[in-house]
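Asks: Taken in sequence, the protein lines are chains D and R.
The first sequence: position 125 = 124 (numbering that gives the first Met the number 0), numbered continuously.
The second sequence: position 457 = 456 (numbering that gives the first Met the number 0), numbered continuously.
Each hint should be verified, as a subset may be incorrect.
Distance windows between CB atoms, simulated [what the hints assert, rightly or not]:
(1) R:Arg-29 <-> D:Pro-79: 41 to 49 Å
(2) R:Leu-31 <-> D:Pro-79: 47 to 55 Å
(3) R:Ile-182 <-> D:Gly-281: 53 to 61 Å
(4) R:Thr-635 <-> D:Glu-278: 34 to 42 Å
(5) R:Ala-739 <-> D:Lys-1: 47 to 55 Å
(6) R:Lys-672 <-> D:Pro-79: 46 to 54 Å
(7) D:Met-0 <-> R:Tyr-127: 28 to 36 Å
(8) R:Val-658 <-> D:Arg-140: 37 to 45 Å
(9) R:Glu-149 <-> D:Asn-239: 37 to 45 Å
(10) R:Thr-635 <-> D:Pro-79: 51 to 59 Å
The set of hints was computed from the structure by calculation and includes no laboratory data.
None of the values given here were measured: they were computed from a predicted structure.
Glycine included, each C-beta is placed from N, C-alpha and C at the ideal position.
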Amino acid sequence: MKFFMPETLGELGKALEEKDEDTYLCAGGTDLVIHLRAQKKFHYSLIDLTHLKDIQKIEETENEILIGAGVTMTELEKSPIIQKYIPALAKAASMVGSTQIRNRATLGGNAANASQSSDTTPVLFAYCGEVIVFNEKCEQRRCALDSIIEGLEKNRLNHREMILQFVIKKENAISGFAKVGARKAVTISKINGCIKVDMDNGIMRNVTVYLGAVGPKAARAQIIEKALEGQSLRGIEVRNLKEAVYAQIEQNIPNRSSKHYKKSAAFGVVDSILEDLREQAGER
Amino acid sequence: MEELKYVGKRLIREDAYDKARGKTKYTLDRKLQGMLYAKLVLSERANAEITIDTEEAKKVPGIEAVFTHRDVPKKTYNPQNWNVCVNDPEDMYILNERARYVGDHLALVVGQTKEAVEEAVSLVRIDYKESTPVIGLDAARQREECLAFEKEVKCGDFEGLDVSGAVVAETKGGMQMIHHAAIEPHIALAQIDESGNLVLWTPCQTVFMMRHQICSLLDLPYTKVRVIKAVMGGSFGGKGHSVLESACAFAAWTLQKPVMLYSDRTTDIIATRRRNSCEMTIKTAVTKEGKIIGRRIDADYDGGAYYTNAASVAMAATKKLFRLYRIENQTVHSRTFYTNTLPGGSCRGYGSPQAHAATEVNLDQAANLLGMDPCELRLKNIVHPNDEDPVGSTNLGDARIRECIEKGMEEFGWKEKRSHIREKNTDRYAYGVGMACGAHGNGYKGSYPDFTNVYSQLHPDGTVEIRVAVHDQGCGTVMTMQQIAAEALHMDVYKIKVHEADTFISPYDSAGTQASRVTYVCGRAVQEAGEALLDKIKDACTALYGWKKENIETEDGVAFETGKKEKETKSYREISIEYEKRFARYIHTSTEYESLSNPGTYCAAFAEVKVDKYTGQVQVLELLAAHDVGQCMNYTLSEGQVEGGAQMSLGQALFEEIVYDTKGNVKTKNFSKYHIINAPDMPKVKSVFIENHNTDGPYGAKSLGEVVAVAPGPAVANAVNFAIGSQFASYPITPEKVVAFLESKSI
Numbered sequence: 000m001k002f003f004m005p006e007t008l009g010e011l012g013k014a015l016e017e018k019d020e021d022t023y024l025c026a027g028g029t030d031l032v033i034h035l036r037a038q039k040k041f042h043y044s045l046i047d048l049t050h051l052k053d054i055q056k057i058e059e060t061e062n063e064i065l066i067g068a069g070v071t072m073t074e075l076e077k078s079p080i081i082q083k084y085i086p087a088l089a090k091a092a093s094m095v096g097s098t099q100i101r102n103r104a105t106l107g108g109n110a111a112n113a114s115q116s117s118d119t120t121p122v123l124f125a126y127c128g129e130v131i132v133f134n135e136k137c138e139q140r141r142c143a144l145d146s147i148i149e150g151l152e153k154n155r156l157n158h159r160e161m162i163l164q165f166v167i168k169k170e171n172a173i174s175g176f177a178k179v180g181a182r183k184a185v186t187i188s189k190i191n192g193c194i195k196v197d198m199d200n201g202i203m204r205n206v207t208v209y210l211g212a213v214g215p216k217a218a219r220a221q222i223i224e225k226a227l228e229g230q231s232l233r234g235i236e237v238r239n240l241k242e243a244v245y246a247q248i249e250q251n252i253p254n255r256s257s258k259h260y261k262k263s264a265a266f267g268v269v270d271s272i273l274e275d276l277r278e279q280a281g282e283r
Numbered sequence: 000m001e002e003l004k005y006v007g008k009r010l011i012r013e014d015a016y017d018k019a020r021g022k023t024k025y026t027l028d029r030k031l032q033g034m035l036y037a038k039l040v041l042s043e044r045a046n047a048e049i050t051i052d053t054e055e056a057k058k059v060p061g062i063e064a065v066f067t068h069r070d071v072p073k074k075t076y077n078p079q080n081w082n083v084c085v086n087d088p089e090d091m092y093i094l095n096e097r098a099r100y101v102g103d104h105l106a107l108v109v110g111q112t113k114e115a116v117e118e119a120v121s122l123v124r125i126d127y128k129e130s131t132p133v134i135g136l137d138a139a140r141q142r143e144e145c146l147a148f149e150k151e152v153k154c155g156d157f158e159g160l161d162v163s164g165a166v167v168a169e170t171k172g173g174m175q176m177i178h179h180a181a182i183e184p185h186i187a188l189a190q191i192d193e194s195g196n197l198v199l200w201t202p203c204q205t206v207f208m209m210r211h212q213i214c215s216l217l218d219l220p221y222t223k224v225r226v227i228k229a230v231m232g233g234s235f236g237g238k239g240h241s242v243l244e245s246a247c248a249f250a251a252w253t254l255q256k257p258v259m260l261y262s263d264r265t266t267d268i269i270a271t272r273r274r275n276s277c278e279m280t281i282k283t284a285v286t287k288e289g290k291i292i293g294r295r296i297d298a299d300y301d302g303g304a305y306y307t308n309a310a311s312v313a314m315a316a317t318k319k320l321f322r323l324y325r326i327e328n329q330t331v332h333s334r335t336f337y338t339n340t341l342p343g344g345s346c347r348g349y350g351s352p353q354a355h356a357a358t359e360v361n362l363d364q365a366a367n368l369l370g371m372d373p374c375e376l377r378l379k380n381i382v383h384p385n386d387e388d389p390v391g392s393t394n395l396g397d398a399r400i401r402e403c404i405e406k407g408m409e410e411f412g413w414k415e416k417r418s419h420i421r422e423k424n425t426d427r428y429a430y431g432v433g434m435a436c437g438a439h440g441n442g443y444k445g446s447y448p449d450f451t452n453v454y455s456q457l458h459p460d461g462t463v464e465i466r467v468a469v470h471d472q473g474c475g476t477v478m479t480m481q482q483i484a485a486e487a488l489h490m491d492v493y494k495i496k497v498h499e500a501d502t503f504i505s506p507y508d509s510a511g512t513q514a515s516r517v518t519y520v521c522g523r524a525v526q527e528a529g530e531a532l533l534d535k536i537k538d539a540c541t542a543l544y545g546w547k548k549e550n551i552e553t554e555d556g557v558a559f560e561t562g563k564k565e566k567e568t569k570s571y572r573e574i575s576i577e578y579e580k581r582f583a584r585y586i587h588t589s590t591e592y593e594s595l596s597n598p599g600t601y602c603a604a605f606a607e608v609k610v611d612k613y614t615g616q617v618q619v620l621e622l623l624a625a626h627d628v629g630q631c632m633n634y635t636l637s638e639g640q641v642e643g644g645a646q647m648s649l650g651q652a653l654f655e656e657i658v659y660d661t662k663g664n665v666k667t668k669n670f671s672k673y674h675i676i677n678a679p680d681m682p683k684v685k686s687v688f689i690e691n692h693n694t695d696g697p698y699g700a701k702s703l704g705e706v707v708a709v710a711p712g713p714a715v716a717n718a719v720n721f722a723i724g725s726q727f728a729s730y731p732i733t734p735e736k737v738v739a740f741l742e743s744k745s746i
């Protein structure tokens, strides 16, 4: 059993070099500890990522937002940069787990854990989020987040790779997030979603919709996008929208018995997000 | 009535400071020298013959023993039999030789560290030869051998009743299995003391029951086993039966070493106890004027894999059904079935939540058919004070259900809300209000021996020590006893020490902290003990100072004789010292108290809900609960009970369920899948107390801790049904069910 505590990227590279089948990356530990217990792992090594300053920052360049993989949900929720440029991410982060979990859980962990119910993934997908991936040779590669997420708690990172940073392009869009779980808070999403739109005199343009927990990973909801594109945010025809949402869920999970509930719940999610967008549009 | 100085006051319990700061030492925080850790190995199959191989587990460094059915006494027990007078069938071993449910206790690993124990638990190899399990009541009803208990109780003749001209409401409903969800999972700690006695600390509800069972299983004399009630992190009935105690005692006694048997949340959910789920069909005949003329109830309970409380929970529920409404012709037919699931056990309310769930929805349906307000229908039919029990149980006593309903209606604004609530409806949200009633008891009088003993002493430092076998489950029982004793003794609450149950120091108590008997029975015993001790103090004053006994008054720990020109006062402390010096005696008393009665305790709950028609989620916006308590012991603690009971009842109505798949695997093994109501979903609860000060309990009090978990759930069910026009009578009313109902309605 080994315990690594890298403080620099160089040390991280060395730790990754020594990583074997029974070595785990630990940032917040909120998913890892559950997995270790469930799998009855008693002998393992850890790479503790909490002392790596490089992955704990949220930065802003002229065209991009850079979010370290070790940034916590609480930090995302409270960050003025995130609130300004990616409001749906602040909202999603604020709805993950409990306060205690949000204080520990990280964006990198949430993405890499690749749960179908991840709350941050639909938002990152809607913003065409990219990631910087780091490996044991201290090399960095940049790719779409979507390309490294398989879903159902599997990612496509190589064994000695790790997400270092998320890169989001700055946009003028507004975005909203909503979820439905078993209860209001401290709950895993049965369904969640993110809508990103450009507002053009009250009309929604370039609508991007992603829904989570209706497939192995968050998926684009083009039927809903079409129903919203060019619509006035305040004058949406409810019946058409409902039909589109129901058709979307039917397309996503035609063979799941949960689809009957999820159709209606997804409509609730979309309705809540639109309400969220109306508030944001009102503020601008 | 004389004004009370201590009882009812919002006094702060002494353990509050440490608990709030996380300083309280629970059993898991303790470490004895040389202490070993132990954990159960649980069955992963629901119905199977087993072969256990412990070789690999024993090889883990630090493992001291791996016990199986081959090692434990060949003796069965029933973990609910709390004394020699309770003889329900015994069918459980400390470690079982056959797997009867997923979670069955099959082996016990004991080792020096938790890490070693956890690893060894994973290495115990069990080969299963499986048979088809019986899961759920539908499957159990198909198999004759699954019937564990059956009884019909009736008054009048419902079957011969002419119901032509009456309105008949028929309802099919039920209640799911729930987990108690105490924050502290089950635990026990045992060691051998310097005299060779077996000492067991357990956060339990009945130390004398633990002693009774352990002595019987290990063949030890009562005098050699000391069971001490440990600080408890909640029970809600879950720690009512013995669960880990016998295995822990067995391991410590066998190894002659200290052993801590701990568990985790999953063990707690799948391998301890649960509320007995039940299915009920109800047929109620009501005249056009709203008088209930007859009712028939067929109730089936899922008892789980062992007998435990198969009979007692069904009978407890049955009895309550005769004690809330005046129904001249009523038949209640109940059955309990074995299934290959977690055994049933006590759970806050013990049969009352089952009794008053679907039946209260049924009454709303009757009211609907009559076009009558549900409160009005209930008011026409509720029991009256001092009614006799129609099936021969104890008199209902000072039953104040009428006041609960009337005061509740007024404070809730029932009529106004019921008429106008729907005006708040939107495309997405539907609003509704509903109410329900419930009844519970006050101890065992009428069913089982119900008595207790109290030993009290006044010490020369002015403190009073009360020994009575109470078990504070976290709700403030000790504080309640202090307040009662202070009231009787006219002295400072905080100078009174009430020891919790310990079989070496507490005088015998017949039934433990269960059945809503503690305030009513033990509290009255403490009142009498306090009065007797005060009498001795007065006798001492007469002997010491020549005061006339009838002229002696006491106040705030000081005695004086009235009618004297110069007031001479003596503190209890001085009296104690001087009495011992002068007469070579100590001031103390022994009190024996048998409960005189067992009246009904009543409640009415009122709820406002908001139903999200898109997501199916139900939000409880407001909850008011009115309780017929006789006299509150401490308003802060009483409100705590009402709020906690509501949390449990609302959780049962909307969220909670232990879900089994068809093979008998539990799908809700931890709190990410088993959802209790948390703070964001919990409404503000308004408590209304009806205090009529007229019972045999201490200062006119009645029980409260269990009845609080009865009515909020059905009130919410009725509110949801009012909001969306549904007829939900089965818990939990999940978002999926709400959406399915609304979708079916819209087609």
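Asks: Hint by hint, note whether the structure agrees.
Replies: Hint-by-hint comparison with the structure:
no. : hint                                : in the structure
1   : R:Arg-29 <-> D:Pro-79: 41 to 49 Å   : holds, 48 Å
2   : R:Leu-31 <-> D:Pro-79: 47 to 55 Å   : holds, 53 Å
3   : R:Ile-182 <-> D:Gly-281: 53 to 61 Å : violated, 43 Å
4   : R:Thr-635 <-> D:Glu-278: 34 to 42 Å : holds, 40 Å
5   : R:Ala-739 <-> D:Lys-1: 47 to 55 Å   : holds, 52 Å
6   : R:Lys-672 <-> D:Pro-79: 46 to 54 Å  : violated, 36 Å
7   : D:Met-0 <-> R:Tyr-127: 28 to 36 Å   : holds, 33 Å
8   : R:Val-658 <-> D:Arg-140: 37 to 45 Å : holds, 44 Å
9   : R:Glu-149 <-> D:Asn-239: 37 to 45 Å : violated, 57 Å
10  : R:Thr-635 <-> D:Pro-79: 51 to 59 Å  : violated, 42 Å
Violated hints, listed in ascending order, are 3, 6, 9, 10; each of the other numbered hints is respected by the structure.
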